[in-house]
Amino acid sequence: MASNEERIQRVRQEAIERDAIYPGCSQAVLGSIQDELGMGNKESFKAVTALSGGIARRGETCGAIIGALSALGLVMGRERKEDTEAYQAIMEPCQEICDRFRQEVKKQFGFEEELESTLCNDIQQKIYGKSFKLWTEEGLQAFYDAGGHSKTLGCPVVCGIAAQLAAEKILKLI
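Numbering (this note's numbering), first residue to last: 5 to 178.
I should point out that these hints are in silico values taken from the structure, not numbers from a laboratory. Just so you know, these numbers come straight off a predicted model, no measurement behind them. Just so it is clear, CB atoms sit at the ideal spot from N, CA and C, and this is done for glycine as well. Do not take every clue at face value.
[As the list claims (entries may be wrong)] Only pairs whose alpha carbons sit at most 25 Å apart, straight line, appear in this in silico PhoX-like list of lysine-lysine:
| id | residue 1 | residue 2 |
| --- | --- | --- |
| 1 | Lys155 | Lys85 |
| 2 | Lys111 | Lys50 |
| 3 | Lys130 | Lys50 |
| 4 | Lys110 | Lys173 |
| 5 | Lys155 | Lys173 |
| 6 | Lys50 | Lys110 |
| 7 | Lys85 | Lys111 |
| 8 | Lys110 | Lys85 |
| 9 | Lys50 | Lys155 |
| 10 | Lys173 | Lys137 |
[Stated by the list, open to error] Pairwise CB distance ranges (calculated):
| id | residue 1 | residue 2 | range |
| --- | --- | --- | --- |
| 11 | Phe113 | Ala60 | 21 to 29 Å |
| 12 | Ala54 | Glu86 | 34 to 42 Å |
| 13 | Lys155 | Ile178 | 27 to 35 Å |
| 14 | Glu116 | Met43 | 34 to 42 Å |
| 15 | Ser154 | Thr88 | 40 to 48 Å |
| 16 | Ala6 | Ser121 | 16 to 24 Å |
| 17 | Arg84 | Glu21 | 33 to 41 Å |
| 18 | Glu116 | Ser7 | 29 to 37 Å |
| 19 | Gln13 | Leu157 | 35 to 43 Å |
| 20 | Gln107 | Arg62 | 22 to 30 Å |
| 21 | Met95 | Asn45 | 18 to 26 Å |
| 22 | Glu120 | Ala60 | 40 to 48 Å |
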């Protein structure tokens, strides 16, 4: 049986591979965690389809972090709206993942300044020196031309970071 560290590294690598080949950061992250940790189903995978590229490619909240938090929700999320205790309980680990995500993206990409948010546009700005209008054909092509789906420079690396952090947290909980 694989160690937790091996499983975490497989999740990370699978998220990188998925996003490089089949763009869609939310699904790359959630799918890699689902497959390695045996959780979720095709409906949960389908549910995050349009959340990539900062929600429908709008540059808002990073799809990779949405996929990571969605995976955590499969483990800790509430099953009934009345379960406010479960709702409250998930917030601290989600905040921890978001904070660590910003720190790890900064570290792994070598940013000098802090990454102040988890917005896709802000992450793009830090990595590429500009953000892209991914919802337009021209903006999407410019993003690809800049290395947006490079396994060493772009979103696949961001996906790997988010998947790794979520897998680490989930394996501590299960």
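We went through each hint and held it up to the structure:
1. A threshold of 25 Å between alpha carbons decides the hint, and for Lys155 with Lys85 the separation of about 39 Å lies outside it, so the pair is violated.
2. Between Lys111 and Lys50 the alpha-carbon distance is near 31 Å, which puts this suggested pair outside the 25 Å criterion.
3. A distance of roughly 29 Å separates the Cα atoms of Lys130 and Lys50; the hinted pair therefore is violated under the 25 Å criterion.
4. This hinted pair checks out: Lys110 and Lys173 have alpha carbons roughly 20 Å apart, not beyond 25 Å.
5. Proximity of Lys155 to Lys173 is assessed by CA-CA distance (about 24 Å); at most 25 Å being required, the pair is judged to hold.
6. Between Lys50 and Lys110, the direct Cα distance comes to roughly 30 Å. Violation of the 25 Å bound is thereby established for this hinted pair.
7. Annotation: proposed proximity of Lys85 to Lys111 is violated, straight-line Cα distance about 38 Å (limit 25 Å).
8. Under the criterion of a C-alpha separation no larger than 25 Å, the hint pairing Lys110 with Lys85 is inconsistent with the structure, at around 36 Å.
9. Distance restraint check for Lys50 and Lys155: the Cα-Cα separation of roughly 24 Å lies within the 25 Å cut-off, and the hinted pair is therefore satisfied.
10. A distance of roughly 33 Å separates the Cα atoms of Lys173 and Lys137; the hinted pair therefore is violated under the 25 Å criterion.
11. Look at Phe113 against Ala60: about 24 Å separates their beta carbons, and that is inside 21 to 29 Å.
12. The hinted range of 34 to 42 Å is not satisfied by Ala54 and Glu86, whose Cβ atoms lie roughly 28 Å apart.
13. Lys155 and Ile178 have their C-beta atoms about 29 Å apart, which keeps the hinted 27 to 35 Å range intact.
14. For Glu116 and Met43, the hinted distance range of 34 to 42 Å is satisfied, since their beta carbons lie about 37 Å from each other.
15. At roughly 43 Å, the beta-carbon separation of Ser154 and Thr88 lies within the given 40 to 48 Å, and the hint holds.
16. Range check, Ala6 to Ser121: about 34 Å between beta-carbon atoms, so the 16 to 24 Å window is missed.
17. Checked against the given bound of 33 to 41 Å, the beta carbons of Arg84 and Glu21, roughly 36 Å apart, stay inside it.
18. Distance hint check: the CB atoms of Glu116 and Ser7 are about 35 Å apart, consistent with the given range 29 to 37 Å.
19. Between Gln13 and Leu157 the beta carbon distance is about 20 Å. The supplied range of 35 to 43 Å is therefore violated.
20. Checked against the hint of 22 to 30 Å, the C-beta distance between Gln107 and Arg62 comes to roughly 25 Å, which is consistent with it.
21. Checked against the hint of 18 to 26 Å, the pair Met95 and Asn45 passes, with Cβ atoms roughly 24 Å apart.
22. Glu120 and Ala60 have their C-beta atoms about 23 Å apart, which leaves the hinted 40 to 48 Å range violated.
In this structure, the earlier hints numbered 1, 2, 3, 6, 7, 8, 10, 12, 16, 19, 22 are contradicted, and the remaining ones agree with it.
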